[in-house]
Amino acid sequence: MEQTATDFLMHVRPHWGGLHRAAGRYTGSGGDARDLVQETLLRAWRSYNPGEERSYNRAWLFVIMRSVVADWQRKARRRVTLVVGMDTELTDLASADLTEPFSPLPSFDECRFRDFLDDRLVEALDRLEPAFREIVMLSAAGDLTYREIAQVLDCPVGTVMSRMARARRSLREALSSFATQAGWIRGVQS
Amino acid sequence: MNCGEAREYVFAFLDSELETPLSIDLQLHLDGCPDCAREAEIERAIHKRLDHVMDGAVPVFAGRLDGYVFSERQSVIAVNRVVGHSRVRWNRIAAVAASVVIVAGLALWYSLATGPGNALTQLAVGDFEHFLHEGRKLQIESGDRHRVASWLAEKTSLAVVLPTPSDSACKLLGGRKCTLAGRPAAFAVYDMHGTQVSLLAVDISVVSFKDMREVSHRGVTHLVGRRNGFTIVASRRDSLVYAAVGKLPEKELLCLVTESSYESH
Chain A
1 MEQTATDFLM HVRPHWGGLH RAAGRYTGSG GDARDLVQET LLRAWRSYNP GEERSYNRAW
61 LFVIMRSVVA DWQRKARRRV TLVVGMDTEL TDLASADLTE PFSPLPSFDE CRFRDFLDDR
121 LVEALDRLEP AFREIVMLSA AGDLTYREIA QVLDCPVGTV MSRMARARRS LREALSSFAT
181 QAGWIRGVQS
Chain B
191 MNCGEAREYV FAFLDSELET PLSIDLQLHL DGCPDCAREA EIERAIHKRL DHVMDGAVPV
251 FAGRLDGYVF SERQSVIAVN RVVGHSRVRW NRIAAVAASV VIVAGLALWY SLATGPGNAL
311 TQLAVGDFEH FLHEGRKLQI ESGDRHRVAS WLAEKTSLAV VLPTPSDSAC KLLGGRKCTL
371 AGRPAAFAVY DMHGTQVSLL AVDISVVSFK DMREVSHRGV THLVGRRNGF TIVASRRDSL
431 VYAAVGKLPE KELLCLVTES SYESH
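Residue numbers (the numbering used here), protein chains in the order written: chain A, 1 to 190; chain B, 191 to 455.
Please note that a few of the clues may not be correct.
[As the list claims (entries may be wrong)] Label pairs and their calculated CB-CB ranges:
1. B:223 x A:70: 40 to 50 Å
2. B:354 x A:157: 55 to 65 Å
3. B:419 x A:13: 30 to 40 Å
4. B:337 x A:108: 27 to 37 Å
5. A:42 x B:211: 24 to 34 Å
6. B:428 x A:108: 34 to 44 Å
7. B:405 x A:51: 24 to 34 Å
8. A:110 x B:332: 56 to 66 Å
9. A:109 x B:337: 57 to 67 Å
[Stated by the list, open to error] Covered by chain A, per the in silico footprint, the following chain B stretches (three or more residues, Cβ under 8 Å):
10. 201 to 209
11. 357 to 365
12. 397 to 405
[Claimed, not checked] Computed far set for chain B versus chain A, every beta-carbon distance over 12 Å:
13. 215
14. 217
15. 218
16. 229
17. 333
18. 334
19. 335
20. 374
21. 381
22. 411
23. 413
24. 414
25. 426
26. 429
27. 437
Derived by calculation from the structure, the hints in this document are not laboratory data.
Just so it is clear, CB atoms sit at the ideal spot from N, CA and C, and this is done for glycine as well.
All chains, please: the whole structure from these sequences, using the hints.
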């Protein structure tokens, strides 16, 4: 049994940072994020059986984490700031035209653009639909590849690719909207 | 490849998720299309900043977790052998005990987090240097501590309170919202005897106090550190850490973080 625990920890260790960063995004709070990771690892430990032929990889841990988040949402015992839609197909989102030009952004120099992003990116992320925000978070905070995200969300890799593109386009639209409101770019006149 | 297709594939390309033939086609298009190349660079910058924003405080996964778990599990296994009950029943009990031990081990370890990547000294000095050397402006300029604190609280959602420094030569200049380790933080600037000093307020869960030593001042413990010629003096109030940063002796910076400075006048 000691060897089982050692093996289990070896599966968890490389994904520790990603799990914590993602937990922070699901819950918005340091304490709840730690609890989410703890509950995830406890459930992972319970389901861990090295005798079975299956892959105990990063996607496996994130599937479990999403399951915990979904339970917390249902039972409303904890504050969840990024909801998961376990049964959502999002076909309407996948149908948007990704070949359209990008929303404009100001021609800032590198330093000023970084300041603009520092000030607005979190707000822009918060404006995204939860499904979009989650896919961006799984990639940026969880370090998951598209294939792993597909495993976590239980959808084809092609769907992940188009959903990610729509999510990043929505992020760009939100940033463009902030820049327009601030007067840094003129709105498009018909 | 045309511009529409380039827009469709650029995100997967930036994430290194595009198949090689398409990647080559897209790169060739970017080499020949300045507009698409500019958009790709903008998206690359957003993607890079996104990683920075998502980068939060992560407790260290240290060897002590392994040691704690296994020292407890040794005693669980010993009990199993001595009592000699049925294997099935004791395996189930041992599995539950092991689960409790792992969770307890994690709980012990969280309280001792000292992740070097989120050290307060590094974050606070880095942010102040960024302000001083890159010409970042204050977003609110005022000497009224209540007005600046209200503005900072609104922008950061942190319950920021600014002190009335006990040193009369210390004047508030204003503040700005900033981001530390992906989390909002409040940044106020003071003029202290002609030298600019910053006061940073950030959620305590974001930072660690590695490389800082405890100092007692008028019976209250503060933390003091040094980095790149700056002195950092920090104190905790409720769920926030306040850190004064400047190229002044620590006893002068203490006036910004001592408890009495925060009492209402």
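Ascending list of hint numbers which this structure does not respect: Result: hints 5, 7, 8, 9, 11, 12, 16, 20, 26 break, sorted rising.
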